[in-house]
Amino acid sequence: MRLLATSLFIFNAVTALGAATWNAEPFNPPSVPLAVRSPYLSAWLAQGQGTALNDAWPTFWTGSILGWAGLAKVDGQAYIWMGQPGIPNVNIHKATQKSLQFTSTQSVFVMTAGLVDLTITFLSPIEPSDFVNQSLPLSYYSVSAASTDGKSHSVQVYADISAEWVSGDDTLIVNWATTTGDVLSHEVKLDTQTTYTKINDRIQQGSAFHSTLNTAGATFQTGEDVVVRAQFATNGTLLNTQDTSFRAVSDRWPVFAFAHDLGAVASATTPVVYSIGHVRDPVVQYIIMNADTQARSSYFWARFASIGDAILTFLNDYPNALARANVFDAQVKSDASKISADYASLVALSIRQVFGATEITVTSGLFDSSNMLMFMKGVHYPNATGHNDGKDEAMPVEESGNMLIMTLSCTQRTGDLSLIKTYFSLLDQWTQFLITDSLIPANQLSTDDFAGALANQTNLAIKGIIGIQAMAEIAKLNDDEARASNYSIHFFAYESSPCRFTSILQSIAASYVQQWQKLATSSDGSHLTLSVHRRIHRC
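FYI, the numbering for the sequence shown is -16 to -1, 1 to 523, going by mature numbering (1 follows the signal peptide of the UniProt record, and there is no 0).
Don't read these hints as lab results, they were simulated from the structure.
Remember, it's a predicted structure, so these values are computed and weren't measured experimentally.
Where hints are given, some of them may not hold.
Unchecked claim - With a cut-off of at most 30 Å between alpha-carbon atoms, the simulated DSSO-like pairs for lysine-lysine come out as follows:
{"no.": "1", "residue 1": "375", "residue 2": "361"}
{"no.": "2", "residue 1": "182", "residue 2": "322"}
{"no.": "3", "residue 1": "182", "residue 2": "405"}
{"no.": "4", "residue 1": "322", "residue 2": "405"}
{"no.": "5", "residue 1": "82", "residue 2": "375"}
{"no.": "6", "residue 1": "322", "residue 2": "460"}
{"no.": "7", "residue 1": "82", "residue 2": "135"}
{"no.": "8", "residue 1": "182", "residue 2": "361"}
{"no.": "9", "residue 1": "317", "residue 2": "375"}
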């Protein structure tokens, strides 16, 4: 339900955007996913009317700022390619955004800095068939450079994150450490952590990691934002030093930085690859038998002994991960384009958001990979302990449709008919409700509960229709031909004038779709409306 609402919003918002000054493929979206891998690793560039990568700070999905800056030096001149870092008393220019392209897993920006083009690729892998890779709360970004005039140019690149990545309250104290070896890795975390607790939807538990391979020409530094950034902007390198004055997030804004000297650049360089992540353990508490709770950890702990091992493997796997992502992107585009090119673009923009709302887990301590559960973020997450607070919300059409759709999906994927055999009468009850109440939904909530209750919701109607069709498929799988026929055959009357119809034999779901298209489409046919119009007659 939320995905459909998001897609409709994206469609309408995109049509309203002003023309950006760069090339955008497939279009210039309202918000660009940068690092989106889990409910608490979710960084976006909010585009609004068309915002360049260096026109705004990246933000968490709620809109709170995530300090994340990118700089470069080209032939001695400093440029900003990401974020809005202010560096007093330093001559620094903004790079010019040349293009933006997004796929299902990647957002790629090309920024011109002097006579060099910088290509910045943000890759959030989506690998649903590999539970270890999919459960890693880590995302890639990379920077490469190429001359635009065929001549060699001196190039250095820089990136940092701030402590804003670990809390929803900038007054809280944080501490940090940098490890060196095969990997340079900054870790920052709250001094005092509270498990399963959020402030402004930001988890108050775990650590943010900013890492890169320790290659020739790589340097690091931690410290006050303006000091560290000025060091690079002036000298093109960092000092390999650590600030040990632990303090509040907003107290002289500590940042955790890397710099790389790319040398004399003519043709495109090998990308400098970074990983950024937010890791916590356990990730969720889950209600089990007798109202007990169970702590659960990310699935990747079944393979890795330490987060350092996971980060090293993740960084070394970048070429393979990129190749797998390209295959995944191509498959998604091919499949979704069978509907339409516009639909394929919406799927590409939405898919990181969908998978980024989930976490794959095993039991904490045991890390038994056979005991896998996947969770999707809800209002109380990471407390998956039910609604014993009495604040559960009535969403009859929404949840009836959800249960039918999920039951069919589970049965199709597993081939196990036990669910539908055990609960067939209950599934049938929900379907009868949807037949009566989904085409013109009563005043009620949907998962967009922040908007309040609303009658005749377009999204709710289509959810119910899909649920009815799901039940028809469930009946077929259960070899219940009588009930399958009951759901799949229905007398439907096309609208003309009240009580003057031509009856034809048609499936309930198909007839409802045709009615829904008429009821939910705007008068000029350009878009779907928020609520369906009651232009149906019952005789």
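- [ ] Hint by hint, work out which the structure violates, then give me just those numbers in ascending order.
- [x] 2, 3, 4, 5, 9
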